[in-house]
Every structure is written in structure tokens, then in C-alpha cells.
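Peer 1: Chains A and B, in that order, give the protein sequences.
Residues in the first sequence are numbered from 471 upward in steps of one, following this note's numbering.
Residues in the second sequence are numbered from 230 upward in steps of one, following this note's numbering.
Be aware that a few hints might be false.
As the list claims (entries may be wrong) - Pairs of lysine-lysine residues, derived as BS3-like cross-links and limited to a Cα-Cα distance of at most 27 Å, are as follows:
no., chain 1, residue 1, chain 2, residue 2
1, B, 290, B, 456
2, A, 728, B, 598
3, B, 547, B, 467
4, B, 527, B, 513
5, B, 527, A, 728
6, B, 456, B, 409
7, B, 456, B, 645
8, B, 549, B, 530
9, B, 364, B, 672
10, B, 278, B, 644
11, B, 464, B, 311
12, B, 547, B, 522
13, B, 458, B, 468
14, B, 672, B, 458
15, A, 728, B, 441
16, A, 728, B, 346
17, B, 644, A, 728
18, B, 513, A, 728
19, B, 299, B, 278
20, B, 391, B, 364
21, A, 728, B, 311
22, A, 728, B, 278
23, B, 644, B, 311
24, B, 383, B, 467
Don't read these hints as lab results, they were simulated from the structure.
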Amino acid sequence: MDRRATFDNLWLAGALVAPQILLVIVFFYWPTMQALYWAFSTQPPFGGTNQWVGWQNFQQIFADAVYWNSVRVSIIFAALSTALSIGMALLLALMIDRQLAGHKAYRFVYFWPYAIAAPAVGLAFRFIFAPDAGFVSAINQLAPNLWNPALKGWDAMILIVIANSWKMMAYNFIFFLAALQSIPRGLIEAAAMDGSGVLRRARDIQIPLLAPTLFFLLVINITESFVDSFGIIDITTGGGPARATDLMVFKIYSDGFKGLDYSMAAAQSIVLMLLVIGLTFVQFRYVEKRVHYA
Amino acid sequence: MSKRILAAAALAATSLGLAVPAQAQQRIQFEFWYGLTGRLGEIMEEHCKRFNDSQTKYEAKCVGQGGYDKAEQNTIAAFRSKQHPTLVQIYDAGTVNFMLSGATYNAPDLARDFNMKIDWSGYFAGISNYYATSKGQMWSFPYNSSTALLYWNKDAWAKIGKTKAPETIEEWWDDVRAMKKAGVECGFAFDYDTWMPLEQFSAIHNLPIATKNNGYDGLDAEVMFNKTKFADYMKDWKKLLDEGVARIQTAQTGKTILQAFTDGSCASMLSSVANHGVVGSTAKPGLNWGVAKLPIYKDFKRHNSLVGGASLWILQGKSKPEYEAAAAYIQFLLQPKEEQWFADVTGYIPVTQAGYKAMVDAGFYADPKRQGREIAIESLTFTPPTAVSRGIRLGNFTQIRAEIRSELEAAFTGKKDVQTALDDAAARSNQILRRFEQTFKGKQLP
């Protein structure tokens, strides 16, 4: 196992990786350091003199019930939308993989949602789910006020979960399909000859063999739903009603850019970053153990 | 990159002797960022064009930022990276941020340095007091100015045999309830915007929103709206909602209050006079509507309402010619002719008494299409501004509005009782004010 490529000319190696390193420093480490500095000081909106305040920003965040609410809804959102988008994508990929009628057209179309910008997705879903005027308003004709994301927190949460899953599903679908197609046909055919049905084959052969893909998508989906849900929320619910969809990343935006409290926003992004790192670590440490790489 | 290509192309064109209009090159350009969107944003563009067409010396480049709050955010971000415009339209709530920013070239200085003819006392007192520093100077030029009005559906009111808009809030509620019995499903549409129910309401009732005269006397002010009649007003709204005679209308429910009013489904709303033109042009055919001064609780004496809208700020770090051009632009906007054009196409009120007088003399308000717009002036000038009907000067007021909005959402959706929600909003607002005070430690309101 211990085979390593060694490189004698370190200067050349350094020069070759330097552009990459530089990019990473400029676009990642430098802003992170800046955020870290702001998180421990107060930064006036127009720039100028920061005052060092130590842990005060963090203390205020952790003492704030509204912040804990945003952590709670973020976790709910991440869990629901990851489950829904992975589940639906898996189902669709299994169907397409069976080469049912029209599968080529579907395979082509299912990837499209991922190519749509999040605000556009938000706009479409806001319209579809508008309680007075959207397609779903038919429900309210039958049972008045059954569906109203402008007033009911859970409805709003369901709305953003569906919108986000719809988009992420497309991404997951491609990965699942690619993984399914790399499973040797012989295995499936052998199982079929032994008399196992579609569901049985999926459960005992395909899904276990998909485990590495599933794990990869789990990490990506959870991370994405923590850090990349902004566009949809901004257009559909604006964090409301009554902060029911005020996810951590949206709160960072509203505190920082709307509230012009850059320091508080910086402190929150540091916390979010640590949370995502922590979650990813946990997944690699505990979930990956159960993944078998073929 | 593209600039260089453009320059190269221009050079090539001139060297080839192609016709490039000489004056187009000599024009002094400056950038102006505005926040208004939709139809009002288009009008901003048109106003720019009118300026550019009116003379050959200067050229305004006007760039929409997609919203008042975005205009403020983008300006701040641009200022930090030194890419900011010369002139920017900043809404009322952003005034204090700009006053303390140290990034502005203040209006009196610009006027002095470029010999502008500004009659500072010619502005309506309600407007100049709102924007003025403690020394009575305005650091920005009031531009699009509005105030809130009651929009009412005359046909709906006719069903209960009334031909006049309600004057008191008590009367308004009675009407709304009576209309429900007469078959008007929704007598009043509202959303969570605090500008009408909190800010305008408090001004006309002469109630404080915060200590220290609404913050004008110092950054250590604390909000107190949860202890005034405003709390009762919100309890009334909740009651109407529970009785099913009023409705919440937002973009999320499918229709904004404006749309619910113009399509006739809700009989009244509170909105800015700036929407007068929009209501007129988008109302369903035959909708018989009018505007009136905001209703007031009957035990109170009416005071002036607040000016809303935006003013024009000049930012530091630009060249002398750019400032000269910006000064010319502002001077242009202040001509009575331009004030009238702008007021006509929007619904905004003229900012100077001279502009208003010229419009009255020209019979502007006699036109049935504009009927009721003079009520905005009447409301704004109803009494001389008092220490609290003057305006609001609280740090990060945008965020305070957002906190109140969130808590009102909780109250109106039944998650909290109204008083608890307002108490929570006040506590959070005070945290924001303390943060602001800390961030601007050692600074004084001018």
C-alpha cells in the first residue's frame, strides 16, 4: 500500500502548484481570515476602525433564542430535503435504469432542474404554491386555509424543502444513474434468473452497490442544504412567516447585508463553517465505515 | 478589458475619420444609482434621459439597483472597494447610516462649492425636518417624497350607504364589519410593512416610537412602541383578522395589498401616495376608488404624517467635474417643471413649496385623474412637526423594521399574543440599537 511518488525538484513542484495555492489563498483563506477578524471585532458598515471585542459577538449569538431557532430549522430543512431529494432521485434512477418506455427522453429531461438558477426555481415554486392564485390554490377551494405558506410555518418549510429537493434531485439523479449503469448487467440478470423481482433486486443488489455514491451524495446534499439554500428562501418565504424558514445562511445574509452588522454575520458564518466541517467529519468517521468500496 | 477594447475601437474610429459626435466625447459623465423598481424604476430612467436631453455638457449614467435596500447595500459594498457612484438615492430608513458613515459629501457643502441655487427654507417643513441634522441642515437632497394614505373602495362603502371615507379608526372598523354583513368579504387588506401602522400611525397620533425624541437626541435611545397606543392598534388588526373581515395579503399569499385592492377583492388598504398613479393605471375597469387621510383614534388630536421615500446623497472620493455634473443634475430636478413632471407620472409629492404652488396654479390637482393627491400634502403639513412627529432616527432601522415584521407575523398567525410579540420585538430592537451604538462608539449624531 505504501507506494508514493517522490519528487526531487521541490522548487519546480512549488512553482507548478503555486498558481493553485495562490487561488485558494486569495479566494478561500484570505476571506476566511477576514471573517475571523470581523467575528472578534465590530466592523462599521462603511469600513474604518474595528474595535476588538473578544468573544462578545459569539456570546450574543449563543444567548439568542432566535439564533437557536435558525439552527433548529436549518437542521430540519437539511434532513427533510436531503431525504426527499436522495430518495426521489434514487427512485427515478432505478426506473430509468430499467429502460422503461421513453427512458431516453426522461434521462435527458431529469437533469434540467439543476441547470436552473435558484431564484428562478424559487419564483416558479412561489407561483405554483401561492395559496390565493397558484395551482395549489385548488386545495384551498376544497378546504379553506388548508395550505397557506404565508401564514403557516410548516407550509412554508414544506414549500422550500420541495423547491430545494426538486433542484438537488436532478444532481443526485445523474450520479445514481451513472453508478447504476456501472453495475455489471450480469449480476442483475443472474438475480432475475434466480427469480427475484424488481424490488428485491434493487434492495439486495443495486442499492448496496450504490453505497459509495449514496455516501458521497449524502455529504454533498447536507452541505448544500446548509450553505446553498439562500436563493430559494429569498424569493419564496423571505425567512418567514415568523422566522419559520429563517435558515442559518439566510440569517447571515439578513444580519449582514440588510442589518449592516457585518461582525455578527461574520461570527455566524464562522459557526456555520464549523458546523458543516463537524457534520462532514461525523459522516466520514461513522457513516463511511459502513460503506463498502468495490 | 472591455473598456480597453472600447477605447481602442473609438481610437480606430476617430483615426479613420468616422463621424463620432464631438460633444458626446466632451460630456462630463457621472454615475447615479437608484433603488426604485418596476414602473417607478422606469421613471427614474426617464428622468435621467430628460436631464441628458436638456443640455449637452453633462451626462448622467443611471443604474437601477433593484430595491431601496439593495441600493444601500450595494453602495456600501461599492464604497468599500472604491467603485461607488457620485450620487445615490437612499431611502428614509438609511439616513442615519449615511450621516454617520463619514463617506458623504454633504449637501450644504456641495451647494456652496458649486454655487447651486437652493432655497433651503423652500422645502416643506415636514420633509426638511425629517432629514435635517440637529443643527437644522440637510445633508442630502430630498427627492421622491410621499406619505401614507387610506385607499378606499367607494362602491364597497356605498353598500353600507356611506359616501365618505372613515375619519376615525373606530368608524373604520364599524364600516368594515358592516360591509361584511353587506357582502364585502374583505373590508381591509394589510401586510407586515411597519411604515403605515407604526411609523405613520405614531406620527399622526403624536406618539413616540423611541425615547430621546425618536432617536434624534442621541444614539442611546430605546424603543417604546410596545407601550403606546400602537399596541392597541395591532390588537385591533388581529381582532379583525380573527373575525374574518380583514385579510393578510402579501406576495406569498399570491396577491399584494395593492393587487387585492385594485382587483376589487379588498375594500381598503393603507399605502403610499406614490402608488396613486399605479392604482389608477392597474385598477380593474370601473373600480370606483378614492384616498383619504389616515384614520385616527377618536381620542387623539391629528398631527402631521411622516414623509417617506428617499433622498439623494453625494459620496466622497469623486472628481470635481463629476461633482459639478451631479450638482447640475440636482439643480435640474428642483426646477418646478421637473417637479411637476415627476409628481404627475408617479404620485410623489413635490418637495418644495414653490413646486407645489406652481402645480396648484397650473390646475394640476383639478384633473380628476389626480384627484386626492393633494390630500397627501394636506396630511404632511397638517400641523408643524413636533419633536416626535418629525421623524425617526434610529440606527439600523431597517433591521428594527424586520424584527417587528417577524414578531407581527408570529402574532397574526396566532403563535404569540400581540402584546408578547411587541414586547419581544422591542427587546430585540433595543439589542440592535445597542449594537449600533457600540459599532459607532465615540461618534455623535450630527
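Peer 1: Taking 27 Å as the top limit, are the C-alpha atoms of residue 458(B) and residue 468(B) close enough?
Peer 2: Satisfied, since the Cα-Cα distance of roughly 15 Å is no more than 27 Å.
Peer 1: Are residue 547(B) and residue 467(B) close enough, with their CA atoms no more than 27 Å apart?
Peer 2: violated (50 Å)
Peer 1: For the pair supplied as a hint, residue 299(B) and residue 278(B), is the alpha-carbon distance within the 27 Å limit?
Peer 2: Holds. Residue 299(B) to residue 278(B) sits at ~23 Å (cutoff 27 Å).
Peer 1: For a C-alpha distance cap of 27 Å, please report whether residue 527(B) and residue 513(B) respect it.
Peer 2: violated (33 Å)
Peer 1: Can the restraint linking residue 672(B) and residue 458(B) be considered satisfied, given a maximum Cα separation of 27 Å?
Peer 2: Violated: residue 672(B) and residue 458(B) sit about 33 Å apart, past 27 Å.
Peer 1: Check the hint pairing residue 464(B) with residue 311(B) against an upper bound of 27 Å on the C-alpha distance.
Peer 2: Not satisfied, since the Cα-Cα distance of roughly 47 Å exceeds 27 Å.
Peer 1: Taking 27 Å as the top limit, are the C-alpha atoms of residue 364(B) and residue 672(B) close enough?
Peer 2: Holds - the C-alpha atoms of residue 672(B) and residue 364(B) are around 16 Å apart, at most 27 Å.
Peer 1: Just to be careful, I want the Cα atoms of residue 278(B) and residue 644(B) compared with a cutoff of 27 Å; is the pair within it?
Peer 2: Violated: residue 278(B) and residue 644(B) sit about 50 Å apart, past 27 Å.
Peer 1: Hinted pair, alpha-carbon criterion (27 Å max): residue 391(B), residue 364(B). Please report holds or violated.
Peer 2: violated (48 Å)
Peer 1: Is the straight-line distance between the alpha-carbon of residue 290(B) and that of residue 456(B) 27 Å or less?
Peer 2: violated (47 Å)
Peer 1: Could you grab the alpha-carbon distance between residue 549(B) and residue 530(B) and see if it respects the 27 Å cut-off?
Peer 2: violated (49 Å)
Peer 1: Check whether the Cα positions of residue 728(A) and residue 311(B) lie no farther apart than 27 Å.
Peer 2: Roughly 20 Å between the alpha carbons, so the hint for residue 728(A) and residue 311(B) holds.
In the structure shown, a violation is registered for the earlier hints numbered 1, 2, 3, 4, 5, 6, 8, 10, 11, 12, 14, 16, 18, 20, 22, 23, in ascending order.
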